[in-house]
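Residue numbers (the working numbering), protein chains in the order written: chain A, 1 to 806; chain B, 1 to 195.
Some hints here could point you the wrong way.
Unchecked claim - Okay, the calculated beta carbon distance ranges per label pair:
| # | chain 1 | residue 1 | chain 2 | residue 2 | range |
| --- | --- | --- | --- | --- | --- |
| 1 | A | A724 | B | K135 | 40 to 48 Å |
| 2 | B | P105 | A | G385 | 18 to 26 Å |
| 3 | B | K135 | A | D308 | 28 to 36 Å |
To be verified - Quick list of in silico lysine to aspartate or glutamate cross-link-like pairs, EDC-like style, CA-CA up to 20 Å:
| # | chain 1 | residue 1 | chain 2 | residue 2 |
| --- | --- | --- | --- | --- |
| 4 | B | K122 | A | E398 |
| 5 | A | K365 | B | E45 |
| 6 | A | K749 | A | E715 |
| 7 | A | K447 | B | E128 |
| 8 | B | K122 | A | D308 |
| 9 | B | K138 | A | D455 |
| 10 | A | K426 | B | D100 |
| 11 | B | K148 | A | E261 |
| 12 | A | K336 | B | E147 |
| 13 | A | K447 | B | D142 |
| 14 | A | K449 | B | D127 |
| 15 | A | K426 | B | E45 |
| 16 | A | K775 | B | D127 |
| 17 | B | K72 | A | D411 |
| 18 | B | K148 | A | D411 |
| 19 | A | K262 | B | E147 |
| 20 | A | K454 | B | D140 |
| 21 | A | K447 | B | D127 |
| 22 | A | K118 | A | D669 |
| 23 | B | K135 | A | E398 |
| 24 | B | K135 | A | D455 |
| 25 | A | K153 | A | D103 |
| 26 | A | K336 | B | D142 |
| 27 | A | K391 | B | E120 |
| 28 | A | K365 | B | E112 |
If you're looking for bench data, these hints aren't it; they were derived computationally from the structure. Backbone N, C-alpha and C fix where the C-beta goes; we use that ideal spot for every residue, glycine too.
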Amino acid sequence: MTNHWVDIKNANLIVVMGGNAAEAHPVGFRWAIEAKTRNKAKLLVIDPRFTRTASVADFYAPIRTGTDITLLSGVIRYLLETGKYNKEYTLAYTNAALLVHPDFSFEDGLFSGYDADKRKYDKSTWAYQLDEKGMAKRDDTLSDPRCVINLLKQHVSRYTADVVANICGTPKEAFQAICEHLAETSAPDKTTSFLYALGWTQHSIGAQNIRTMAMIQLLLGNMGMAGGGINALRGHSNIQGLTDLGLLTTNLPGYMTMPSEKEPTLDSYLTKYTSKPLADGQMNYWQNYPKFFVSFMKSMWGDKATADNNWGYDLLPKWDKGYDVLQYFELMHQGKVNGYFCQGFNPVASFPNKNKIVESLSRLKFLVIMDPLTTETSTFWQNHGEQNDVKTADIKTEVFRLPTTCFAEEDGSIVNSGRWLQWHWKGAEGPGQALTDPQILAGIFLKLKAMYAKDGGTFPDAINSLSWAYGDPHEPKPEELAKELNGKALADLPDPKNPGQFLAKKGELLPGFALLQADGSTASGCWIFAGSWTQAGNQMARRDNSDPSGLGNTLGWAWAWPANRRILYNRASCKPDGTPWDKKRTLIKWNGEKWVGVDVPDFKADEPPGSAMGPFIMQAEGLGRLFALDKMAEGPFPEHYEPFETPLGTNPLHPKVISNPAARLFKGDKEQLGQHQQFPYAATTYRLTEHFHYWTKHARLNAIMQPEQFVEIGEELAREKGIAHGDLVKVSSKRGYIKAKAVVTKRIKALKVNGQLVHHVGVPIHWGFEGLTKKGFIANTLTPFVGDANTQTPEFKSFLVNVEKA
Amino acid sequence: MQVNRRQFFKLCAGGMAGSTIATLGLLPEKAMADVRSYKLMRASETRNTCPYCSVGCGILMYSLGDGAKNAKSEIFHIEGDPDHPVNRGALCPKGAGLVDFIHSPNRLKYPEVREAGSNEWKRLSWDEAFTRIAKHVKQDRDANFIEKNADGVTVNRWLSTGFLAASASSNEAGWLTHKFTRSLGMLAVDNQARV
Chain A
1 MTNHWVDIKN ANLIVVMGGN AAEAHPVGFR WAIEAKTRNK AKLLVIDPRF TRTASVADFY
61 APIRTGTDIT LLSGVIRYLL ETGKYNKEYT LAYTNAALLV HPDFSFEDGL FSGYDADKRK
121 YDKSTWAYQL DEKGMAKRDD TLSDPRCVIN LLKQHVSRYT ADVVANICGT PKEAFQAICE
181 HLAETSAPDK TTSFLYALGW TQHSIGAQNI RTMAMIQLLL GNMGMAGGGI NALRGHSNIQ
241 GLTDLGLLTT NLPGYMTMPS EKEPTLDSYL TKYTSKPLAD GQMNYWQNYP KFFVSFMKSM
301 WGDKATADNN WGYDLLPKWD KGYDVLQYFE LMHQGKVNGY FCQGFNPVAS FPNKNKIVES
361 LSRLKFLVIM DPLTTETSTF WQNHGEQNDV KTADIKTEVF RLPTTCFAEE DGSIVNSGRW
421 LQWHWKGAEG PGQALTDPQI LAGIFLKLKA MYAKDGGTFP DAINSLSWAY GDPHEPKPEE
481 LAKELNGKAL ADLPDPKNPG QFLAKKGELL PGFALLQADG STASGCWIFA GSWTQAGNQM
541 ARRDNSDPSG LGNTLGWAWA WPANRRILYN RASCKPDGTP WDKKRTLIKW NGEKWVGVDV
601 PDFKADEPPG SAMGPFIMQA EGLGRLFALD KMAEGPFPEH YEPFETPLGT NPLHPKVISN
661 PAARLFKGDK EQLGQHQQFP YAATTYRLTE HFHYWTKHAR LNAIMQPEQF VEIGEELARE
721 KGIAHGDLVK VSSKRGYIKA KAVVTKRIKA LKVNGQLVHH VGVPIHWGFE GLTKKGFIAN
781 TLTPFVGDAN TQTPEFKSFL VNVEKA
Chain B
1 MQVNRRQFFK LCAGGMAGST IATLGLLPEK AMADVRSYKL MRASETRNTC PYCSVGCGIL
61 MYSLGDGAKN AKSEIFHIEG DPDHPVNRGA LCPKGAGLVD FIHSPNRLKY PEVREAGSNE
121 WKRLSWDEAF TRIAKHVKQD RDANFIEKNA DGVTVNRWLS TGFLAASASS NEAGWLTHKF
181 TRSLGMLAVD NQARV
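Produce the complete structure using the sequences and hints provided.
Here you go:
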């Protein structure tokens with residue numbers, strides 16, 4: 001989130017789309033209700049199902065799964081054509097006025113530069129026009145047809161109310177009402193907050209779903225505002241933190257990128273990632289990349305990282321391509337992977353096409369499970385009849401199952417979706433012989449290191465160089481690791497403004513990332529966490545919940561990255577001249593010398609109002625991007641592409657380009673995609689309020705509340721198929737089938753789309769062949785093995801099935 | 001001033017006894033009888049964060065055992081932290097069952113191995129588990145580690161073993177996971193954010 005949970009109360013309009021907060025994030029959703037009761041906010045819900053969130057909404061509109069970009073692009077068209085957007089904000093704070101490369105184009109569903117064989121774009125025209133100094137050209141009169149906003153107008157002009165109704169199945173009147181509600185918040189003293197989650201990410205066009213909404217927020221002037229922003233509700237409790245820490249194939253901590261083989265030297269790497277300005281006078285904060293990277297390397301390798309060895313650059317692996325989970329399970333399926341570790345993760349249940357996942361695991365030599373609970377992944381080799389029909393004796397995978405402690409049995413911090421790092425304390429010992437994750441990792445690592453010391457082996461250098469300065473090497477303590485993440489001074493850091501004074505003395509914990517250096521005199525495992533554990537102590541453990549402004553920015557509660565800032569881009573809450581767009585939402589102000597306020601200013605502290613510096617300080621031009629340059633895989637503007645399994649069999653906008661042209665599809669998986677003639681119904685998976693993923697089926701109370709697997713179908717479809725409420729039904733896709741009880745409901749209605757009737761089938765995910773609930777089928781037996789072109793997040797939310805009485 | 005749950009009960013209990021006794025006109029030197037005190041009064045209270053979704057609700061965990069060396073604490077009750085700015089004491093139906101997650105009969109208790117082709121789990125010691133896993137890792141890494149690519153560029157990567165990192169483990173465990181995997185040269189590292 002750019003904002004945070006409590007801040008939702010400041011919104012005037014809350015749009016829940018691509019999520020179901022009332023059931024999936026029930027306590028966070030209370031802040032939407034707070035906005036309704038205290039702020040007279042309106043709540044809109046747009047969803048294929050009439051969810052419990054919809055049941056408390058002021059307005060509900062149905063939509064066919066996988067068509068959100070169409071509806072949101074229709075909204076952009078409405079805003080631009082009626083002029084109901086915040087023009088001053090858009091001109092000053094977005095790239096609306098910047099000029100786009102003359103050769104950039106869009107035609108019949110494809111942007112310029114498409115290579116059909118590689119299913120990739122050459123993005124060289126997805127760029128600004130540059131002047132002789134390399135700065136982006138702009139036309140503040142907006143009369144140049146190559147201005148971003150003019151190209152955007154042209155791009156969205158196709159998304160009329162009729163097109164929206166035809167593709168989405170959303171009635172025209174409902175769409176009109178959505179447009180009008182959103183347009184109202186273009187007023188400087190009104191904001192919209194969009195609440196979304198996996199209903200937007202789990203599509204082959206997931207990242208562009210979110211981008212389209214982000215563009216609306218820029219046009220409405222809602223970024224940086226209390227009660228505005230982009231608010232991913234997110235899934236698991238520390239998914240934010242583990243992403244912050246770079247636990248993704250080509251990431252490093254703090255959203256740095258792992259070097260690839262195209263950057264063979266430190267210089268080539270730093271040149272690539274150190275941001276060069278695209279406009280004069282910008283903060284362009286990624287220009288500090290070398291400070292973050294060298295400090296990270298000092299945390300990794302300690303004294304073994306020196307200027308002479310390029311801070312240990314050769315010790316880091318260099319990638320040739322991303323090894324995301326879909327790519328890696330594809331390689332495993334081909335027999336090219338020998339070993340796999342699963343730490344608190346259950347891929348048999350969580351990944352698409354469960355049968356392919358089980359086949360892949362069966363081809364491993366060894367599998368190591370670290371988990372507090374029995375998971376289907378740990379017992380994938382057991383035969384559970386129809387639910388897991390494997391030949392145990394034929395599976396040669398050695399499986400090690402290691403018991404870990406759970407949250408209640410350890411100290412540590414996790415990061416919520418509002419970016420708050422909250423410290424927690426151990427309340428009891430783990431059961432039996434369970435160990436913490438750090439103890440287990442240390443156990444394996446130290447054994448391995450000893451084996452290399454004794455017997456030698458391939459490239460032990462990185463293993464031997466890894467910094468391991470823990471009091472007890474077998475049990476790195478959470479406090480030690482947290483301080484390592486924060487970082488410390490490795491030498492006295494002189495204060496450039498006060499000669500003879502020091503910003504930090506050697507060995508001191510750093511107060512923030514502003515002190516990080518590229519010369520090896522600082523260490524920090526994750527630069528955005530710098531400031532979380534300082535000389536003043538553990539900032540994540542703070543518990544002052546006072547809220548002097550009433551806006552909900554409890555700066556004394558826990559600690560938020562970056563720099564304890566609660567609302568990102570908050571400089572944009574003020575006009576260029578420094579006055580707030582809305583006095584009631586004053587987050588920061590200029591006091592004549594520096595920016596101060598009820599939040600930590602997200603700006604250069606002493607940069608006066610009226611200067612050229614833009615509020616989006618991480619961007620090279622300082623502006624929010626309506627045109628994404630080369631940052632997205634399938635285009636700098638969002639475009640509607642059908643799900644890979646579409647109930648229409650075509651794309652009404654451009655029949656030759658039906659689905660995302662830049663999405664990756666492996667051979668074998670393509671053949672396993674179903675067609676609408678055999679699998680006519682649009683299916684989507686989702687979660688129930690009583691369960692959390694595949695964990696709570698092991699908790700008795702939750703298992704009692706929702707004991708048995710079911711699927712939801714609408715009354716029309718039930719009648720057509722002769723299915724009664726409570727009947728056992730078989731739901732099948734091209735990849736497999738599940739059997740579950742039918743819940744026949746008014747909550748799902750057939751939609752008229754492109755001249756046909758589309759029925760949705762709802763598939764809750766929470767069952768499996770392990771647990772205290774009744775045994776069930778893994779819902780992801782049905783889902784396709786294709787992901788978003790940018791994130792490779794699987795398309796769990798839109799696929800095709802058939803339904804019949806079992 | 002911070003008053004925690006235990007102190008609150010103590011204050012209330014004291015107040016009630018005092019006022020009742022005053023109503024009866026009795027001011028005894030010492031209490032004549034004792035009622036069973038609330039179990040929560042003897043509990044240790046520990047602050048934590050709900051491990052399920054990313055709202056990050058504050059929770060209070062109540063356990064028996066006073067932290068003494070010979071006392072084993074056991075969590076018997078969990079509720080929302082009323083001081084927490086986001087959840088203000090509330091928990092949802094998922095979080096309401098947290099104590100049953102901690103005490104689930106499906107918690108793993110011992111290191112185990114399922115041998116190739118076998119249909120059963122076999123217990124092993126931690127030392128055996130670490131040794132066997134480290135041997136697998138070393139054998140595969142030594143055999144398949146790539147020091148240079150076809151163009152002679154130093155790449156120092158190991159692709160034939162991967163690591164799926166957790167979704168609810170703490171940052172501190174996550175940082176050590178990062179150090180562990182990257183120092184071995186692993187690139188097939190992903191976490192739940194991918195899906």
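Tested hints:
Distance hint check for A724 of chain A and K135 of chain B: the Cβ-Cβ separation is about 57 Å, which falls outside the suggested range of 40 to 48 Å. Between P105 of chain B and G385 of chain A the CB atoms are about 22 Å apart, so this pair conforms to the stated range of 18 to 26 Å. Separated by about 35 Å at the C-beta atoms, K135 of chain B and D308 of chain A satisfy the suggested range of 28 to 36 Å. Restraint check: the Cα-Cα separation between K122 of chain B and E398 of chain A comes to about 11 Å, which is no more than 20 Å; the hinted pair holds.
About 45 Å separates the Cα atoms of K365 of chain A and E45 of chain B, which puts this hinted pair outside 20 Å; it is violated. For the given pair, K749 of chain A sits about 8 Å from E715 of chain A by alpha-carbon distance, which is consistent with the 20 Å threshold. The hinted pair formed by K447 of chain A and E128 of chain B meets the criterion: a straight-line CA distance of about 11 Å does not exceed 20 Å. Between the alpha carbons of K122 of chain B and D308 of chain A the distance comes to roughly 50 Å, so the proposed pair goes past 20 Å and is violated.
Annotation: proposed proximity of K138 of chain B to D455 of chain A holds, straight-line Cα distance about 10 Å (limit 20 Å). Among the hinted pairs, K426 of chain A with D100 of chain B is consistent with the structure: their alpha-carbon atoms are about 17 Å apart, no more than 20 Å. For the suggested pair K148 of chain B and E261 of chain A, the alpha carbons sit about 9 Å apart, so the restraint of at most 20 Å is met. This hinted pair checks out: K336 of chain A and E147 of chain B have alpha carbons roughly 18 Å apart, not beyond 20 Å.
Pair hint K447 of chain A plus D142 of chain B holds up; C-alpha atoms about 15 Å apart against a cutoff of 20 Å. Annotation: proposed proximity of K449 of chain A to D127 of chain B holds, straight-line Cα distance about 15 Å (limit 20 Å). Proximity of K426 of chain A to E45 of chain B is assessed by CA-CA distance (about 10 Å); at most 20 Å being required, the pair is judged to hold. Among the hinted pairs, K775 of chain A with D127 of chain B is inconsistent with the structure: their alpha-carbon atoms are about 35 Å apart, more than 20 Å.
Straight-line distance between C-alpha atoms of K72 of chain B and D411 of chain A comes to about 17 Å, which keeps the hinted pair within the 20 Å bound. Simply put, K148 of chain B and D411 of chain A have alpha-carbon atoms about 41 Å apart, too far for the 20 Å limit, and the pair is violated. This hinted pair checks out: K262 of chain A and E147 of chain B have alpha carbons roughly 15 Å apart, not beyond 20 Å. Proximity of K454 of chain A to D140 of chain B is assessed by CA-CA distance (about 17 Å); at most 20 Å being required, the pair is judged to hold.
The straight-line distance between the Cα atoms of K447 of chain A and D127 of chain B is roughly 9 Å, inside the 20 Å bound, and the hint therefore holds. For the hint linking K118 of chain A to D669 of chain A, the alpha-carbon distance of about 17 Å falls within 20 Å, and the restraint holds. Of the supplied pair hints, the one linking K135 of chain B and E398 of chain A holds, its CA atoms being roughly 13 Å apart against a limit of 20 Å. As the CA atoms of K135 of chain B and D455 of chain A are separated by approximately 11 Å, the hinted pair is consistent with the 20 Å bound.
For a cut-off of 20 Å, the pair hint linking K153 of chain A to D103 of chain A stands: about 18 Å separates their Cα positions. The suggested pairing of K336 of chain A with D142 of chain B holds, with an alpha-carbon distance near 16 Å, which does not exceed 20 Å. A distance of roughly 14 Å separates the Cα atoms of K391 of chain A and E120 of chain B; the hinted pair therefore holds under the 20 Å criterion. Taking the CA atoms of K365 of chain A and E112 of chain B, the gap is about 16 Å. The hint holds against a cut of 20 Å.
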